[in-house]
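Start from the sequences, fold in the hints, and give me the full structure.
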Amino acid sequence: MPPMEDRALVAALVAGDPRGLDGAYRRYAARLYAYSRTLLHDGEAAADVVQDTFVIAARQAGQLRDADRLAAWLYAIARNECRRHARASARHVPLEAAGDPVAEPLDPAAALQAHQVRELVHAAAAGLGDGDREVIELALRHGLAAGDMADVLGMPTNHVHARLSRARTALERAIGVLLVARAGGRDCPTLAALLVDWDGRLNPLLRKRIGRHLDGCATCSDRRSRLASPAALLAAYVAGPFAVAAGVLAEPDALRPVGHPVPVDAQTGFPKQTASLRVPTPRRRVLAAALLVLLALGAATVFVLSTGSAPAPLADRSGETPPAAPPATDSPTPGGTLSDEHGSASPAGPGDSAQPGGAGGSGDPGDPPPSRDPGGPGILGTPPPSREPAPFVLRVTRADPTCGADGATWTVTVSATGTRPIRSATLVVRAAPGAAPQRVTLRVDGSTLSGSTPPGRGPSAEWWIEATATDAATATTPARSTPTPCGRR
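Following my numbering from start to finish, the sequence shown increments by one per residue and tops out at 489.
Between beta-carbon pairs, the in silico distance windows are:
(1) Arg26 - Thr219: 49 to 55 Å
(2) Gln116 - Pro189: 26 to 32 Å
(3) Ala231 - Gly407: 53 to 59 Å
(4) Arg212 - Arg398: 31 to 37 Å
It should be emphasised that the hints constitute simulated quantities derived from the structure, not laboratory data.
Just so it is clear, CB atoms sit at the ideal spot from N, CA and C, and this is done for glycine as well.
So, in structure tokens, the structure goes:
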């Protein structure tokens, strides 16, 4: 039997026909899970939101005025439930919304496959602010039209057009930054310094810093133009299918009741968006607890000075355990926001002064400052299981230069470890700026590798390591410059 159309699904939901809930759930549950996980950064919470969304939909389907807009209506309910859940849980969990980006170098002369473009867009979007990520998620990944996005986000359609335009510009810029970052800083010491200990993931702070560097560095700007066109890559992006790991979402017949009311707009039947919510981060909770401790100590000091004796513990005086510290108030703080504001508020990093526009913009001036989560909420990818593997990262553990017996030539013995089992690795050496690099195959033992550079001359040698994991992920260490150990030559 062919699947029911949205209008028929709504009619079945209104009539209490189980086929309506079952059909709507199987059509939209996976994509609503992906969207909710993007907002909440928590797979279990996203699964709860999806369940609550369909319980509410089954209960209030009769209030939807246009049955052809079932998809947008469900997204609006899910967004409202995410905001309610964020307030109720009062917590912020590190991002699990999408897989970690795989640093796969791009050959500008080669045709990119669809999965490479998806991975690149997905990884670059992690460098955007919260507001930009959400509109990009809804428009590109979920394919919502501007009118539907307006109802989901609770704002006028012209505002959606403006936000989406700014977000696309920011995403194109982030793609260019990521391409250059993955290519490495072999020809630019300033870029190499920015990429020291980079784990391969883009975040808002790194995007802004490298973006400003690209604007003022002819070498890196030229490299960006030669690697690929960010606008063309974004135009070639095609969202992959939605998929959810088995057991993450409950079956439609196992949905539990929802007890809270959901106010709706009388004209459309769409839920009324709740007030702007900010999810307290661990840093906010620690600061709040510290403030309460300081206030308690101050009160105790005043009490001692005025009475000459220390106050009895609260439990001894009241017979009750003192309550836990309440969550921090909704003041602008770094990271973890779910709001109608464009982006989120956060202090600038070291050396980064505030940009004009504050948290309201999305281009680079006026970018939203970075989230405290270095990975940032990722989007535009298939939601993986609740625990994803760590990104493939190489870390150099040894770099010993040794002078040869002739007192002139010298080598560098290197070792490194990877966060995944390594299939092959290469040591790339450039004896002098502009010289052709030499490549040496390294010895691999599980997730470790070792080897030495060829004997060379000169005051220093630049080198880096490129490796491929057994699952085909690739990683490259930042370029290093090692001076000669053969005296002052």
